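Protein sequence lines correspond, in order, to chains A and B.
Using the working numbering, you'd call the opening residue of the first sequence number 1 and step up by one each time.
Using the working numbering, you'd call the opening residue of the second sequence number 1 and step up by one each time.
It should be emphasised that the hints constitute simulated quantities derived from the structure, not laboratory data.
Please read these numbers as outputs of a predicted model, since none were measured by experiment.
Keep in mind that the hints are not guaranteed to be accurate.
[As the list claims (entries may be wrong)] Partial pick of chain A residues on the chain B-facing surface, computed with a CB cut under 10 angstroms:
(1) His158
(2) Ala212
(3) Arg268
[To be verified] Stretches of chain B that chain A covers, calculated by requiring three or more beta carbons in the stretch to come under 8 angstroms of a beta carbon on chain A:
(4) 60-67
(5) 94-101
(6) 108-114
(7) 133-144
We put the beta carbon where it would ideally sit given N, CA and C, even for glycine.
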Amino acid sequence: MWDLLLAPFMIRAVIAATVTGLAAPGIGTYLVQRRLSLLGDGIGHITVTGVALGLLTGTSPTYTAVVVAVIGALVIELIRASGKATGDLALALLFYGGIAGGLVLVQLAGNGAFALQAYLFGSITTISSDDVVVSLVLAGIVIVAGLALMPQLFAVSHDEDFARASGVPVWFYNGLISVLAAVTVSVAMRTVGLLLVSALMIIPVATSQQFARSFRSTMLVAMVGGLVASLGGVVISAFLNLPPGATIVLVSLAGFVATSPIGMVLERRRRARVPYDPDALPLHETSEERHRHVHGPGCGHLAIEHGDHVDYVHDGHRHAVHVTGEGQHYDEH
Amino acid sequence: MTQLSPLVLDDVGVVLDGRPIVRDVSFDVAPGQVVAILGANGSGKSTLIKALVGLNPVSHGTVSLFGTPQPRFRHWERVGYVPQRSNLGTGVPATVREVVASGRIARRRPFWPMSRHEHDLVEAAVDLVGLGGRAGHPVATLSGGQQQRVLVARTLAGEPDLLLLDEPNAGVDHASQVAIAETLGGRADAGASVVVVLHELGPFAPLIDRVVALREGRITYDGPPGQLAEGAAHAHHHDDLEEGGWLPPMQAPLEGGR
Ligand SMILES: Nc1ncnc2c1ncn2[C@@H]1O[C@H](COP(=O)(O)OP(=O)(O)OP(=O)(O)O)[C@@H](O)[C@H]1O
Ligand SMILES: [Mg+2]
Chain A
1 MWDLLLAPFM
11 IRAVIAATVT
21 GLAAPGIGTY
31 LVQRRLSLLG
41 DGIGHITVTG
51 VALGLLTGTS
61 PTYTAVVVAV
71 IGALVIELIR
81 ASGKATGDLA
91 LALLFYGGIA
101 GGLVLVQLAG
111 NGAFALQAYL
121 FGSITTISSD
131 DVVVSLVLAG
141 IVIVAGLALM
151 PQLFAVSHDE
161 DFARASGVPV
171 WFYNGLISVL
181 AAVTVSVAMR
191 TVGLLLVSAL
201 MIIPVATSQQ
211 FARSFRSTML
221 VAMVGGLVAS
231 LGGVVISAFL
241 NLPPGATIVL
251 VSLAGFVATS
261 PIGMVLERRR
271 RARVPYDPDA
281 LPLHETSEER
291 HRHVHGPGCG
301 HLAIEHGDHV
311 DYVHDGHRHA
321 VHVTGEGQHY
331 DEH
Chain B
1 MTQLSPLVLD
11 DVGVVLDGRP
21 IVRDVSFDVA
31 PGQVVAILGA
41 NGSGKSTLIK
51 ALVGLNPVSH
61 GTVSLFGTPQ
71 PRFRHWERVG
81 YVPQRSNLGT
91 GVPATVREVV
101 ASGRIARRRP
111 FWPMSRHEHD
121 LVEAAVDLVG
131 LGGRAGHPVA
141 TLSGGQQQRV
151 LVARTLAGEP
161 DLLLLDEPNA
171 GVDHASQVAI
181 AETLGGRADA
191 GASVVVVLHE
201 LGPFAPLIDR
211 VVALREGRIT
221 YDGPPGQLAE
231 GAAHAHHHDD
241 LEEGGWLPPM
251 QAPLEGGR
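Just chain B, same shape as in the assembly (with noise of 0.2 angstroms):
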């Protein structure tokens, strides 16, 4: 059986409020592969990601989701989203147990308990990225990269075919970047897909099979990252991109990890 693409964009825009900020974008990613989205600021990496999920319209173009045209996919249990940021503390307490817990919400039936392994899935998840000892916290008294962190847990929890992921180590510390990087690495060894926004490579740089770059909603480069050419979409960040692949993570010494 021959394994259906996870996730195609034929010609893909995205028109918000009669703006088009995505353009012409067809990529599609392989069984897993890890894709990397690189992009300035305002370069329409989180519209993009969005549209995906059908948080955003896909005004031009077709999105597939594990071959199937994405206004007709049923299996959101497949897809595991990380939005860039969400307002986690506000209105009634919830620990991070609860909130990683509603990421599997699309595998739940209504009415059902979670089974015995389902609460294991949870607890694993909440160790992965650190928190063990704060599963029972609110979440809104953890910092913010802690929080960011409680947005990754909630996704793995769902045990996602095709991860997207939108700044997933905004705020985080390094060694919770590298435990995130390396179950990204796990998931993808195991078959999944996945997909992420970021502004460094950092820790996740010897996961990346291939960069995608916007800029102003196009991709302006899409290949492997080592030949990422300089400045093509981050000048700034030139320092990371030289021959040769990537500079091997650097860390302090106080800051644990590996």
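Next up, chain A with everything else stripped away, as it sits in the complex (with noise of 0.2 angstroms):
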């Protein structure tokens, strides 16, 4: 057992899962802040044509991924920030174009078609030394800036108005988010594969959700479940000999699945340990009676006035006009 842990392969394996298991979901928290969940996705598809420009052209897949996923990161960006109606089928357009220009390529560099199934579904046998060199600055640097420009970040993925409002430079913080997402998905693509890095970007930050109650908290718990998925799957994946990138969204759905019912544990226990809420309108009854008219001015009941509003005298007892979203109706006062 030790032999294939202390195999080479697998230490470069693990080295790449670490980093990539905090990186993906440290970057996710923004994508899911910003609604964007399916980002990762659509960049996957998009670095298909990098990963296969790699292998047609001799040099290392890694590099090209970056160089592709970086600019398609940065067109889907222009595309969304345009606001277009039509952004949406362009979006569509750029990640089939993507995948199947992807394929093509692939199949004109000769034997690459085995050589890309690596790249699409993961796999620990196949990531060299500079992979794993590549994969530690990357990944270091998507860390890094996701965590120590959070208070930039999180304003601009919390409330884009406000902070264009305050001066940030929006369009360069989403830009940024954009290419750190670009360049995780190019990190992850090793380990879990570039169909499956959104689950690993999306799936630990919906687990975190359910026991966080701040962002810093989410996203670190998030990171730390992404660590714990990513080094789970490589490691069963390598003694059961199954994909690593589906062994790691299993784990990571698993992880899910397990801690949602202490969620909701928790939430129920936050709800009834607030005692009571000091802002809460003092007891609301609602009147059931039907009115055929409106109480107003002239309406022929008593009318008093109650502090910053009119009552009603109506059959003995008091109503007051409550304006609600829905309509109004009656309060008994």
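Join these two chains into a complex; the hints should help.
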């Protein structure tokens, strides 16, 4: 057993899995906050072309993937920011074009179709020492930027209009989130693979949202969860000879399912622990009676000033108009 | 040193989707002045406020902030904007404290943590809107009025010299309206200028130096609040606009506050 764990390829895979497991949910938290949960998926599709270009030209697919992923992510961000109604369709064309173009290019490269498999679904045996170094550096940048620029990235993803009105260069930070996501995809494709990379960016965030109350703790817990899933998935896949990407995703899904009852219990406790709402309105009784008229000056019911409103005496009790989103009814006062 | 006027509008027009929404609006706000913008739904109040902070294009005329034409203005930390409504509860959870702290974003340098003093300012802003006991709660668990108060606290935390508030008391209970009004009054006394969109002056009445009324994007009244002619902009609120100023705020015994 230790033979397998200490094999050089395994050590490389574990290092790649560690940095991927931390970086993917870190940047994924911002994507979920911006409601761009599927951005990683789109970038993954486009990156297939990047990998194919590497295989075709004989350069390391890691480098070509980063370049194509970053360009693709910036194009996606430009289309999104333009806010055009046709933007949605344009993105779909881009994604399918990316994956189809990649498959055709790989065919041109000869025996590439088999090589591509490793990038689509992840592979722990094909990671070179060069790849490990590149992964460490790139994922390191993503993790440091994601944590150190949290105030800026949070402000921009939480309320873009407010950030813009505060003079924050929103276009820059939105572009930065896209670039960091693209870099994460290129790093994660070694272990998780391009087709499942988005899952590792999103599922740990969905899991940690169940317990976390703050943005910061959501991100940190998601990163820990991503790390556990990524490491666990790689080790399990090595022993059982399963595809690593799918195994990692199944482990993180299992984490989500296993923790959801705990999340529900915590949520219920939390609600119960708030003894009363100090800001709650005083007891709010709604009148069930149907009214043939709207109370108002001269309606025949005695009007009594009651604080900031007027009550109308109606069959021996008081009615106050309460206008709500749905319409108006009368409260008993 | 003469103080530059924090806000000058000269013949401002805003066109959205080819439709003129705001037209020929000119006024300027002095340091320490509190201006209420009144007008019926759809009269262009929010459109105008958003144009002032650059969220809508200024299609005609010029907006100047602290003596600089808006397109070249860089000191946005001096301007605090409170949007009319914001969907705070979506996406990843965030605490009241985190959202309020994001109000200081214009004053923060990338990669620098907040100082002790800045943390205190954030806590003070949360306390001011009466959410001190809830600073660590996720904003999504707050009521609509409480979320509105978070938006006000977020802007107060940024210590702006010019506050642009779009209906800050929509859905906010009387006691909190009084607290917000008092805070804004304090800021105005310290020299900050306040432009606030309101439907009823309510607890803000004692602060308001001047009322600008809009109708279909044009100014129909600009002057002291007491003289706003009945029905000029707000026929349905004429009860509040009687001669001799504003009715003192009334409140029910249960509402607390002052
Ligand atoms: N993005 C937009 N594109 C086109 N028209 C718009 C847009 N936003 C607002 N309008 C129009 O501009 C007009 C003024 O809207 P605005 O939101 O400024 O009104 P308001 O005075 O703030 O009203 P309220 O009291 O309801 O807040 C409305 O007729 C609205 O339909
Ligand atoms: Mg409005």
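Verification of the supplied hints:
1. His158: 6 angstroms, holds
2. Ala212: Hint on Ala212 of chain A: holds, closest Cβ of chain B at ~6 angstroms, below 10 angstroms.
3. Arg268: For Arg268 of chain A, the interface hint is violated, since the closest Cβ of chain B sits about 13 angstroms away, which is over 10 angstroms.
4. 60-67: Violated: only 0 residues of the region 60-67 of chain B have a Cβ under 8 angstroms from chain A.
5. 94-101: holds (count 6)
6. 108-114: This one holds; 4 residues, not fewer than the three required, reach chain A with a Cβ under 8 angstroms.
7. 133-144: The restraint on the region 133-144 of chain B holds, since 5 of its residues have a Cβ under 8 angstroms from chain A and three suffice.
Comparing the model with each numbered hint stated earlier shows that hints 3 and 4 do not hold.
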